[in-house]
Amino acid sequence: MNLILVTFIILLAFTSYYFGRKKALVIQSSQRLTALPKFYGYYLAAWCAAPALIIFALWSVFEPSIVKTFILQDYTDQNLTKNELQLIYTKVKALAAGTYTGNITNFLDESANKYIQLKGIANSAKVAIILAILIFSLSFAYRSVQKNDRMREPVEIFLKWVLFVASLGAVLVTIGIVFSLLFEAIRFFQAVKIFDFIFGTHWYPAKTFVRDGQPDPELMKDAFGAVPLFAGTFFIAFIAMCVAIPIGLLSGIYLSEYAGRGVRKYAKPIIEILAGIPTVVYGFFAALTVGPFVKEIGNAMGLEVSAESALAAGAVMGVMIIPFISSLSDDVMTAVPQNLRDGSYAMGATKSETVKKVIFPAALPGIVGSILLAVSRAVGETMIVVMASGLAANLTMNPLESTSTITAQIVVILIGDQQFGDPKTQSAFALGISLFIVTLFLNVIALSVVKKYREKYE
Amino acid sequence: MNSFKKNLLKKRYNAERRFQWYGKIAIGLALSFLAVFMFQIFSKGYSAFQKTWIVTEVHYDKELLLIDAESPSKDDLENADYYDVAYKAMTSLDPGLPEEEDRQLIQMVSYKYEAEVKDLLLKNPDYLGKIVPIKLTASDDVDQVHKGNYPRDIPEENRRVNDYQLQIYDMLNERGDILSEFNISFFTSPDSREAELAGIASSFMGTVFSILVCLAFSFPIAVLAAIYLEEFAPKNKFTDFIEVNINNLAAVPSIVFGLLGLGVLLAVFNLPRSTPLVGGITLSLMTLPTIIIAARASLKAVPPSIREAALAMGASNMQTTMHHTVPLSMPGTLSGTIIGLAQALGETAPLILIGMVAFVNTIPGTPVDPAASLPVQIYIWSESAERGFVEKVSACIMVLLAFLILMNLAAQIVRHKFEKKWS
Chain A
1 MNLILVTFII LLAFTSYYFG RKKALVIQSS QRLTALPKFY GYYLAAWCAA
51 PALIIFALWS VFEPSIVKTF ILQDYTDQNL TKNELQLIYT KVKALAAGTY
101 TGNITNFLDE SANKYIQLKG IANSAKVAII LAILIFSLSF AYRSVQKNDR
151 MREPVEIFLK WVLFVASLGA VLVTIGIVFS LLFEAIRFFQ AVKIFDFIFG
201 THWYPAKTFV RDGQPDPELM KDAFGAVPLF AGTFFIAFIA MCVAIPIGLL
251 SGIYLSEYAG RGVRKYAKPI IEILAGIPTV VYGFFAALTV GPFVKEIGNA
301 MGLEVSAESA LAAGAVMGVM IIPFISSLSD DVMTAVPQNL RDGSYAMGAT
351 KSETVKKVIF PAALPGIVGS ILLAVSRAVG ETMIVVMASG LAANLTMNPL
401 ESTSTITAQI VVILIGDQQF GDPKTQSAFA LGISLFIVTL FLNVIALSVV
451 KKYREKYE
Chain B
1 MNSFKKNLLK KRYNAERRFQ WYGKIAIGLA LSFLAVFMFQ IFSKGYSAFQ
51 KTWIVTEVHY DKELLLIDAE SPSKDDLENA DYYDVAYKAM TSLDPGLPEE
101 EDRQLIQMVS YKYEAEVKDL LLKNPDYLGK IVPIKLTASD DVDQVHKGNY
151 PRDIPEENRR VNDYQLQIYD MLNERGDILS EFNISFFTSP DSREAELAGI
201 ASSFMGTVFS ILVCLAFSFP IAVLAAIYLE EFAPKNKFTD FIEVNINNLA
251 AVPSIVFGLL GLGVLLAVFN LPRSTPLVGG ITLSLMTLPT IIIAARASLK
301 AVPPSIREAA LAMGASNMQT TMHHTVPLSM PGTLSGTIIG LAQALGETAP
351 LILIGMVAFV NTIPGTPVDP AASLPVQIYI WSESAERGFV EKVSACIMVL
401 LAFLILMNLA AQIVRHKFEK KWS
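Listed in order, the protein sequences are those of chains A and B.
Residues in the first sequence are numbered consecutively from 1, following our numbering.
Residues in the second sequence are numbered consecutively from 1, following our numbering.
None of these hints come from the bench; they were simulated from the model.
Don't take every hint at face value.
[Said to hold, decoys possible] Stretch-level coverage of chain B by chain A, calculated; a stretch enters the list once three of its residues show a Cβ under 8 Å from a Cβ in chain A:
(1) 3–16
(2) 29–43
(3) 198–209
On a predicted model such as this, the values are computed, not experimentally measured, just so you know.
Backbone N, C-alpha and C define an ideal beta-carbon position, used for all residues, glycine too.
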């Protein structure tokens, strides 16, 4: 039904385009046109499609909730909770669709009939309203075509609005992220105190799972302490940076200051391949090759090493991050003005002295920015940790033991079927919002540092 | 020059040389990581493109098939009982084996061997009543032994292939009845719990559908947004806010988009779980900022002289943009789009959250059928304990990397072939 309606509107818009263009040619025979003939067509088509489609979209968004309130009106005197009402509504819908398999009570049957009736009314009302709007807007538009009004300006203003709405898309995504995270997280913090979440040292959400009924609040208090996850996240990111910063920075310096054109042309894109490899591939590599390798070396040295160690995950993550640091620091060092270098050489400094004492300090803000971006990347990395560093949240500073991170726990909690309304599921959203805040913080600082640096030299 | 100064100079030159070496070593390390990595994947994975078959003889005995008709129709063949025929075909490899031990032989081929026996007859109805050679898919363990990935010298109780099976395997191998051929079924069959039967068709289609959905959602919105921000937006607080927003969105961890997909697309809009449609929309939210940034950069690269010329000829702002600036910026925008899609292609975590990690053993035909995707398939297989999946994972990685390389090449070609150089 909806599909037919939308197709009809779009077809009508196309027809009105051709009609408008033709009409313009007719007008041309008697008077001067105010715009190219195709703008007459665009004008009609826009007036035809835009109002009808907007109303259609609004209707589709609001119709279900309005129908729902009508149906549930009959149940207001029964003192039901929100969840029970929701259940009833689902049952009514299933019954109306003919897929309900449970007990059919008279009351339910009545509601289902009412539901079907309401849906029917809503559908015919929708079609009627949209047809009315189509006729109204088309006749309005046709009148101004007949009057030979200026045609180009309104079309261009309309297009500009379309462009503007599209650019709101990015904002909409951000709002969507914030709200979807906040919504579930707030419900989580109603069950678990925010203090227990931020400062608790035991993360063991599986403990709170109770079949039918509310989990014990005492248990809840001790199950959702996120400190081990925060610590694990930053610990693994730290290991990764220990690998990535020296290698990335030195490669960046070599590429920008020493490498000849040929080396730079080939080495840089090849190193950047490291950033293009999907993280799940790194995860497989870490779990299958690096993990056992680390374990073997550790055992040979007489150390106790878990097969899923933080070291393996961190080291592989570090390799993945190398190009972020090398490419960005190469760019910022190349951007340092040549006269700084020349001045240093003129004073008799060697190349390495120039790099260490002049170029590096000059490029430092940019380099710090690139490192912060890399840290934010490491903090948000998921698959390597899920696959290579175990899933038990240990509070440890030993790189040879397994630790877990925020991201890995989100995956562990949400893999498989979820039950919304369960504190365990909601805790994933609470973790998600802490992750979002941390990375947002890092990004904002990094971007502003890099921006300031650019303004300094450009 | 006195000796002190000479020494100092020497020291400084040494430091210079050392510093250069650090740089070279760093680059060498980065490159060797890549080399080791590629070597590991290829050396583990190339064998997955070979499939091992066990050749035996099958007697399509009418009595055992329970076919009564003189000249059986297709339906008769379809409904015949193949259990005994298939069973005999396997046990004939070692007629001396007592009946209670027959599992050892049956386990050497995949559990679908009965279907394979059936398929051969359905394809060649004239085999009925004859004794013909047949290729049966070897079990995962025999396959690994044949490829040399499975150590034969560990104690029998720790081995999944026992001594008797190894003996049979050696006998068959000597007779040349173990075949190794190109593994077509890896590309044409869906996922399976059995390593020897598992293929990437379902996840490959899932990936293709998600990428198409992602493209359909992100490309138009991103290009329109980029045009607005670059060509029309007034400089004010609100457009600044949009800009900051886009830059930050580009750096949000992918798993957060997964949470968004779960909390909004699945919970609020009730879209079908585990489908490429939801996966594609989630990925499109991720690629949106990437494409916007690329499109803006290439719009910016169009020289102002083009715009000025168009305006001087009396074109309106909108006409200048739509007829001149946007077409000229398309190569850069397209290559940025392809790179954004390549990033989305490798994403795993958001797809796991929206349920594309479910076991799917059918090949999806539309974007609203449940499916996995290639990266998720890698994750699923790498969590499996069976040894045969290791090479499958590596092979799947090779397919994924090939896909990525192709996309990046396409981006390069688009950029270099069609982009105008402004000097």
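Hint check, failures only = 3
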